[in-house]
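Undergrad: Counted the way this note's numbering counts, the sequence shown spans residues 1468 to 1772.
Just so you know, not all the hints are guaranteed correct.
With a Cα cut of at most 25 Å, we get these calculated DSS-like pairs of lysine-lysine [as the list claims (entries may be wrong)]:
1. K1686 <-> K1663
2. K1668 <-> K1530
3. K1530 <-> K1687
What follows is a set of in silico ranges between Cβ atoms, one per label pair, in the way DEER data are often shown [claimed, not checked]:
4. D1635 <-> L1690: 22 to 28 Å
5. P1684 <-> V1570: 35 to 41 Å
6. E1725 <-> S1586: 41 to 47 Å
For the record, the hints were derived by calculation from the structure and aren't laboratory data.
By construction, the Cβ of each residue, glycine as well, lies at the ideal position given by its N, Cα and C atoms.
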Amino acid sequence: MLLQPRLLPRVLSISSKPRFSPFSAHATQITIPLPSPPILSPITPESDLDPSIQNPITLPLQKLFVPPGIELPGEATSASAHTRVLTGSNIVLGPYAYDSQVVNAEFVKSSVRTADCPSDGLPEFALVGRSNVGKSSLLNSLVRRKKLALTSKKPGKTQCINHFRINDKWYLVDLPGYGYAAAPHESRLNWEEFTKDYFLKRETLVSVFLLIDASIPAKKIDLDYASWLGQNQIPMTIIFTKCDKRKKKKNGGRRPEENAETFQSLISEFFESTPPWIMTSSITNMGRDEILLHMSQLRNYWLKH
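Please put together the full structure from these sequences, using the hints given.
TA: Right, here's the structure in full:
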């Protein structure tokens, strides 16, 4: 018997609230640790964040992503003492964050139709992003394997829905990259059609992880993709990649945090509440454990409800 699908809260575009600047100070704030040093993993429901983490940034309480099954303190001023937030993110950590580590991972199958995907009812998380955003590298980093998902110097290599079974309990799904100009026009249309069909019809999809390159300014195709997910009420987490890359200010470069802030501001009109986001780097493994913890609490809630 299949589990009841998609019980996670959704976000939809109808908000007229002012745009959010995640790295600015606000009246109601909570301390959020920067990506370095990382929190210890695995983490149990009873454990706490490392109190020695330094260089905090602040976010308003209302801009945190609060997963289902968590109740924040009523008093905003006491939130920092009782609320745990994943390093380099806006994600509150709760009692469902357990069994996060990858013990084994195996490729299962490639599909070109949603109907051909595995039918065993296991929960899954889909990775999608613009070609050359570092999707395969991130997948390999998550499972601590160099060649589980083959990386290529030629973007646009992934052309199918690729399922990887993790710990025999859930799936990571590698989807075709979008926006690669050198790909044949017909192929690009086919990829877009079956990928969006998968988002809309796949009942075991817990959340889409949209990868955005934080080393460069926001691109229209990424903004369009995020807005489509929001308008179609697809559960989404933004994964900012390449956060280790820091271009010199004098050459017109902006820090990854600044690019991430701009991206969130530009898509804010499509969401009633702030989507979850995590800063990552496949080179330094920044954000790897945080992604797995985030997946674990979404997955464990999904399985129990």
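Undergrad: Give a verdict on every hint.
TA: Each hint, compared with the structure:
1. Restraint check for K1686 and K1663: the C-alpha separation of about 20 Å stays at or below 25 Å, so the hint holds.
2. Distance restraint check for K1668 and K1530: the Cα-Cα separation of roughly 29 Å exceeds the 25 Å cut-off, and the hinted pair is therefore not satisfied.
3. Taking the CA atoms of K1530 and K1687, the gap is near 24 Å; set against the 25 Å cutoff, the hint holds.
4. For the pair D1635 and L1690, the beta carbons lie near 37 Å from each other, so the given range of 22 to 28 Å is not met.
5. Between P1684 and V1570 the beta carbon distance is about 39 Å. The supplied range of 35 to 41 Å therefore holds.
6. About 44 Å separates the C-beta atoms of E1725 and S1586, a value consistent with the hinted range of 41 to 47 Å.
Violated hints for the displayed structure, listed by number in ascending order: 2 and 4.
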